[in-house]
Amino acid sequence: MEIPYTFQERRDTGLTNGKIGIWLFLASEVMLFGALFASYILIRVGATSWPRGDTILDVPLATFNTIVLISSSVTMVMAWASLMRNRFGTFRLYMGATVLLGGVFLVVKYFEYSHHLHLGEYPKTNNFLAVYYTLTGLHMLHVIGGMVVNAYFWGPGAKLWKTNPVWFTNRVEHSGLFWHFVDLVWIFLFPTLYLL
Amino acid sequence: MSDHADPATGHHAVDIDKHVRVYITVFVALMVLTVITVAISYLDLSVPMAVTIAMFVAVVKGSLVAGYFMHLVSEKKLIYAVMLLTVAFFIVLMALPVITHNIGYWINE
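Taken in sequence, the protein lines are chains A and B.
Mapping the first sequence onto the working numbering, position 92 (from 1) lands on 92, and the numbers just tick up by one.
Mapping the second sequence onto the working numbering, position 3 (from 1) lands on 3, and the numbers just tick up by one.
Derived by calculation from the structure, the hints in this document are not laboratory data.
One should not assume that every hint holds.
Keeping only pairs whose Cα atoms sit at most 30 angstroms apart, straight-line, the calculated DSS-like set for lysine-lysine is [to be verified]:
#: 1; chain 1: A; residue 1: Lys-162; chain 2: B; residue 2: Lys-76
#: 2; chain 1: A; residue 1: Lys-124; chain 2: A; residue 2: Lys-109
#: 3; chain 1: A; residue 1: Lys-162; chain 2: B; residue 2: Lys-18
#: 4; chain 1: B; residue 1: Lys-18; chain 2: B; residue 2: Lys-77
#: 5; chain 1: A; residue 1: Lys-159; chain 2: B; residue 2: Lys-18
#: 6; chain 1: B; residue 1: Lys-76; chain 2: B; residue 2: Lys-18
Quick list of the computed label-pair ranges, beta carbon to beta carbon [unchecked claim]:
#: 7; chain 1: A; residue 1: Thr-90; chain 2: B; residue 2: Leu-45; range: 18 to 28 angstroms
#: 8; chain 1: A; residue 1: Asn-126; chain 2: B; residue 2: Val-98; range: 21 to 31 angstroms
#: 9; chain 1: B; residue 1: Ser-63; chain 2: A; residue 2: Asn-17; range: 45 to 55 angstroms
#: 10; chain 1: A; residue 1: Leu-100; chain 2: B; residue 2: Val-14; range: 40 to 50 angstroms
#: 11; chain 1: A; residue 1: Gly-96; chain 2: B; residue 2: Ser-63; range: 37 to 47 angstroms
#: 12; chain 1: B; residue 1: Val-20; chain 2: A; residue 2: Glu-2; range: 48 to 58 angstroms
#: 13; chain 1: A; residue 1: Gly-46; chain 2: B; residue 2: Lys-18; range: 23 to 33 angstroms
As the structure is a prediction and not an experimental result, all values here were calculated from the model.
Idealized CB from N, CA, C, for every residue including glycine.
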């Protein structure tokens, strides 16, 4: 039996299964990061002293990564828009750029982590670094997860475009929603960890 | 530019062109706001003031991403309901550490 509402919308909600599914997943993700943010606030307001992020972390590098991630959000939404315009070749270009920009973000993060570890700054060193590694580490795992899904749609998953373009476009939109969420989390992580 | 519905996806090219123009505008706005975020950190502000301004800018940036890239400005009612519930619980979650801090934590010193 075929699963209903994979690409056609339900009459009552006007949504597909995938759309409501990804938003419910994102709601759970908000609570996951929210719990960590709340813990960070609790640890910070309870501390007798707390370092400013820019005295320990590399602000220009993080600013560069912010620009990279925002750019990747634009290429992601342009990938979806290309499918809506029935331009598969352009979709491939934008989706490839999205995956590539995700890779750039990870490479920068690798250099950032290596620098701190080389200086003997581990999560166990102090509460600031514990919070920094936990929040950025979890965010990085989300970047990797998003990249895997986007790379799948860029490569083998794109076969669906030939048989069911509407379903494929919806899938790209859903993976895009996750990718934008990853960008959104970074928008809050950047000032709270690096600048304040 | 054609204003006929696409045979594969059923969407109008003109509508998508409008969307694309909005995406570019939002991208520029996000870049400007990122520069503002960093510039503010160089000002000699008190911690509460710096936190307030930085969070305000972050909320504006986040709203642009959620509203336009994630299409929340034109979503269905059920998605709004899910998000409303999420935001309510998120606010409670953020308020918890502030409340516990203000009442002197849960441990009697």
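Starting from the range 21 to 31 angstroms, see whether the pair A:Asn-126 and B:Val-98 falls in it by beta-carbon distance. holds, 23 angstroms
Return holds or violated for the Cβ distance of A:Leu-100 and B:Val-14 against the range 40 to 50 angstroms. Given about 30 angstroms between the Cβ atoms, the range is violated.
Pair hint outcome, A:Lys-162 versus B:Lys-18 [Cα-Cα no greater than 30 angstroms]: holds, 26 angstroms
Beta-carbon spacing of A:Gly-46 to B:Lys-18 - inside the hinted bounds 23 to 33 angstroms or not: Taking Cβ atoms as reference, A:Gly-46 and B:Lys-18 lie about 49 angstroms apart, which means the hint is violated.
Need the status of pair B:Lys-18, B:Lys-77: alpha-carbon distance at most 30 angstroms? The hint holds at about 23 angstroms.
Hinted pair A:Lys-159 and B:Lys-18, Cα distance within 30 angstroms: With a Cα-Cα distance of about 28 angstroms, the restraint between A:Lys-159 and B:Lys-18 holds, given a limit of 30 angstroms.
Kindly confirm whether 18 to 28 angstroms is satisfied by the beta carbon distance between A:Thr-90 and B:Leu-45. About 44 angstroms separates the Cβ atoms of A:Thr-90 and B:Leu-45, which means 18 to 28 angstroms is violated.
Given a hint of 37 to 47 angstroms, does the C-beta separation of A:Gly-96 and B:Ser-63 actually sit inside it? violated, 29 angstroms
Do the beta carbons of B:Val-20 and A:Glu-2 sit within 48 to 58 angstroms of each other? For B:Val-20 and A:Glu-2 the Cβ distance comes to about 34 angstroms; the hint is violated.
Under the criterion that the straight-line Cα-Cα distance not exceed 30 angstroms, is the pair A:Lys-162, B:Lys-76 satisfied? holds, 28 angstroms
Pair hint outcome, B:Lys-76 versus B:Lys-18 [Cα-Cα no greater than 30 angstroms]: Measuring from Cα to Cα gives roughly 20 angstroms; hence the hint holds.
Range hint 45 to 55 angstroms: satisfied by the CB atoms of B:Ser-63 and A:Asn-17? Violated, since B:Ser-63 and A:Asn-17 (Cβ atoms, about 27 angstroms apart) do not stay within the stated range.
Of the numbered hints given earlier, the model fails hints 7, 9, 10, 11, 12, 13; all others are met.
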